[in-house]
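Protein chains in written order, with the numbering used here: chain A, 227 to 484; chain B, -14 to 272.
Hints were generated in silico from the structure; no laboratory data involved. A few of these clues could be false.
[Claimed, not checked] Stretch-level coverage of chain B by chain A, calculated; a stretch enters the list once three of its residues show a Cβ under 8 Å from a Cβ in chain A:
id, stretch
1, 34 to 44
2, 97 to 110
3, 173 to 186
4, 214 to 224
Ideal Cβ placement from N, Cα and C applies to all residues, glycine included.
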Amino acid sequence: MKTISLYVDKGTMLNKIAPESKIWYVIAAITIPALMGTRWAGIVLIAVSAALLLYGKVLKRTLPLLAVSGFVLLTVLIIQGMFWWGNETPLFALGPAVFYREGVNYALGILINIINILMSFCVLILTTKPSDMMENFVRRGFSPRFGYVFISVFQIIPQMTETMSTITDAQRSRGMETEGSLAVRIKAFIPLIAPVIMSSLINTKERALALEVRGFNSRKKKTFLNDEVKTAGDRYIQIALPVLIIAAAVWRVTQWLA
Amino acid sequence: MASLNIEHLKYKYPGTDRLALNDISLSIETGEFIGIIGRNESGKSSLCQAIAGLIPNFYKGAYGGKVLIDDIEVKKVPVDELCETVGTVFQNPFNQVTGAKATVYEEIAFGLENMGVPKEEMIRRIDRAMELLDISKYRDRYPFDLSGGQMQRMAIAGVIAMHPQVIILDEPTSQLDPQGREEVFQAVQKLCGQGITIILVEHNMEKIAQYSNRVALLDAGTLIDFDTPQKIFSRVDLEQYGVEAPVYTQIGKRLNLTIEDTGCYPVTLEEAKTVLLRKGGNDPVWL
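With the rest of the complex left out, here is chain B (with noise of 0.2 Å):
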């Protein structure tokens, strides 16, 4: 598994004069979840697709700074080759169909026959995917025929059959109903704890910090702060960056509730109930 650096990265977007990422540095260790944070623009999707190497492999325009995965710079490796490494699951589920196979089991398949895996290799790793993902009952099925949450299901299966390092999840909820983003953030707390490293982009807050290890606030293309998504949500500035903290951190705030050793708002319902406690020992009107 690998590590990932960023040295002073900076990109931007041909035909433009902002910079879309402006002198971001961090280092995330192997099998870490990231979550993304900050408001729309404020160049996530950007830093996920210079992580993929589609910038500037794919999206021309000015690039300084590097990427690297180990010791392989991002920069240097063909998108076709680095996804081997790293797996990109995008926002659309519909446009991650690929509409070239007539089942789900193929439509995994389109990687792994890409990359040229033996055939043998290829079902094993695809009924490994399908089974994580629970998605085994779909299997000849038509791809167009899913719900958009079974579909972004197949897509990340399609991802993590191609046995990368790292896996990059851009809003991969932002277009589904309810139920689809549940279904896909179970698929992503399977994943959790395979030792994959995952960098997931999310609106959704309290989703980001039950997962995340570390959480990274951008803003207009800047890197503001790197840190646990305890210390990032109970930050005063937050909302100046378009951000509104979990629906606990909140109450955290309102009630003045901190977490002992850190100092730090409660983020999970967890971390709430444990503060809330040794707030208020047993007695009910706490509870």
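Just chain A, with the same shape it has in the complex (with noise of 0.2 Å):
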């Protein structure tokens, strides 16, 4: 299956709960620590998020999301670790460059809110068949032409890349350098983008054509064939979060008066 989601179907209890839980949770996750302003509370969401992910047997598909922000990540440690304005205190040196200790935990800060988030879009994402959550949003009145559009593209991405290499290897097999020094690429560019622009805008149209002949755009109203991804918990899940979210509110606010 070529597709660009980052579902997997593990059959567990995560797979079937509400993707509106879900999005309630990535919610709660970022508004939570953000609201109380503590550290362990990110920490707290951190190790939820993870348990979550061990538990919908998904955590290690998450490593290779995180790695990708480490560089990013590495990049605030050491920039903020020797640069931050509030730098008093070296911590530690690597040869000529010397870290400080208010840099660094500032850093920590940053890093524990971009994991936090990272982690609890995870849990949404690699839980969630895209068509399921748009099918509930369009349930819900939701848009069906911009649900299309959403989960297309985890389809229709994947085989526009496909016809762009068959185009890559077509002009290849004409003579065409792709390959090399990069004033040969942006040569090789040219005749290759007019091709997959005209292509792209030809397949647009005659996809256009065959949703509305299917009834796409009738003022009908929807029925579904398969039935709403809900389990019996999504409805306390969803008065849970939302709580939590007010009771970190009321708490800071208490916090800020005391």
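Quick one: dock chain against chain with the hints and give me the complex.
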């Protein structure tokens, strides 16, 4: 299956929970540490996300995603550790580069926030089928057109990439050099991009026609082949998480007033 | 089921001077299988799009005349409503996959969901369509993983599940390999006799001759002739319109073998055999 979706069906309860509940989880994971303003809230939520990902049998799949952002995180650590405006106390030195306690501490705060956000999003995207999520939204009155655009991207982009590679092969077989120095690549880009754009436009028009003749723009009330993705616990999750967010806000206000 | 009447249909694409459809009038009976032939740019696809309501509702331009399905004037009905009456299968199977569904089964349901068909009815219709098109075994496959022929059969299943009265197949095999082509023609064969009016645009004249009750010959947007395959393919000026007669007709023309009743040349293997048997009795030289 060629799709850019990261979803994997492991058959766990996390796959069966309503996407809305998981979206509430993402909102809670981002807002609660921000509202509370304490680092431990972020750490707790990272632990919760890790536990959920482990339960959903997708923790391993989170690692490459964290590794991708690892470069950014490392850059933050280096820049803040060395150059943060409040740096005073040297912590350690790597050759001529001196890292300061205050900067590293500040960078750790940023790192915790980023990892928390990434992992909570992983809970959503690794355990939720995109089409289920959109179908649930459309059931709630969301525009089917927007839903279609969102979903089709996951499947159509890999197909377009395949078309691009076919066109590249065709041009290469006619003697065009597509690899080598930057100048060679730029020279190859123009004869490649014109057929890619043209074929994409033609395909888009044909697909629009095909959708049209299958009633895509129908004003009738849509029905669904699949049942709505939800469990008995979703109602409680969707009440508990907003309550937790409100509680965090109240806690912060009381701290501020005290 | 519906009869189809086209009255003085004229159409010109925006920004062009030439009429893509020039005063076309024809009448098609319910359940007929109609072949549309002609060289490239002769107006075959434009005629199909006019019947499906895509002209003038999707493609704008200068439009005149009428397309009537029973008493419904196609121009006045939005395409998303008309698709319950007229189903269309296009050339490229890949572009007919919505890209929004994860399985063949869900893909076939797409149109039904849009039309608000209740779930139980939807399941019944999808199962029937899959059975008819012999694609039940691909039910849980990812649509983009199918071969061209399988994908095209899935597209046809998606159309027939909507229970249209007219199905238009616009060169459904032009982008398929021989095996895929055969799969689609076998599916088309199954559609014959279902009481649905079928309009097939195709460059394979043997297939047109095999399935069609009548054939419309188009050239430069004009309807040259609309008659039985035997009469159309027996025309002496056929090549002038960029159409090559089926091989059996060509043999008939070379050997001057005609069907006794009509005086036309044979267009199918069966007809050729009959004519040859009549001509040569059981003489093995002829057989």
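Going down the list of hints, with the structure as the test:
Restraint check on the stretch 34 to 44 of chain B versus chain A: 3 residues with Cβ-Cβ distances below 8 Å, three needed, restraint holds. Residues of the stretch 97 to 110 of chain B lying with their CB closer than 8 Å to a CB of chain A number 10, which satisfies the three-residue condition for coverage. As drawn, the stretch 173 to 186 of chain B meets chain A at 0 residues by the rule of a beta-carbon pair under 8 Å; below three, the given contact is violated. Figure legend: the stretch 214 to 224 of chain B, annotated as covered by chain A; annotation inconsistent (0 residues with Cβ-Cβ distances under 8 Å, at least 3 required).
Hint violations for this structure: numbers 3, 4, all remaining hints satisfied.
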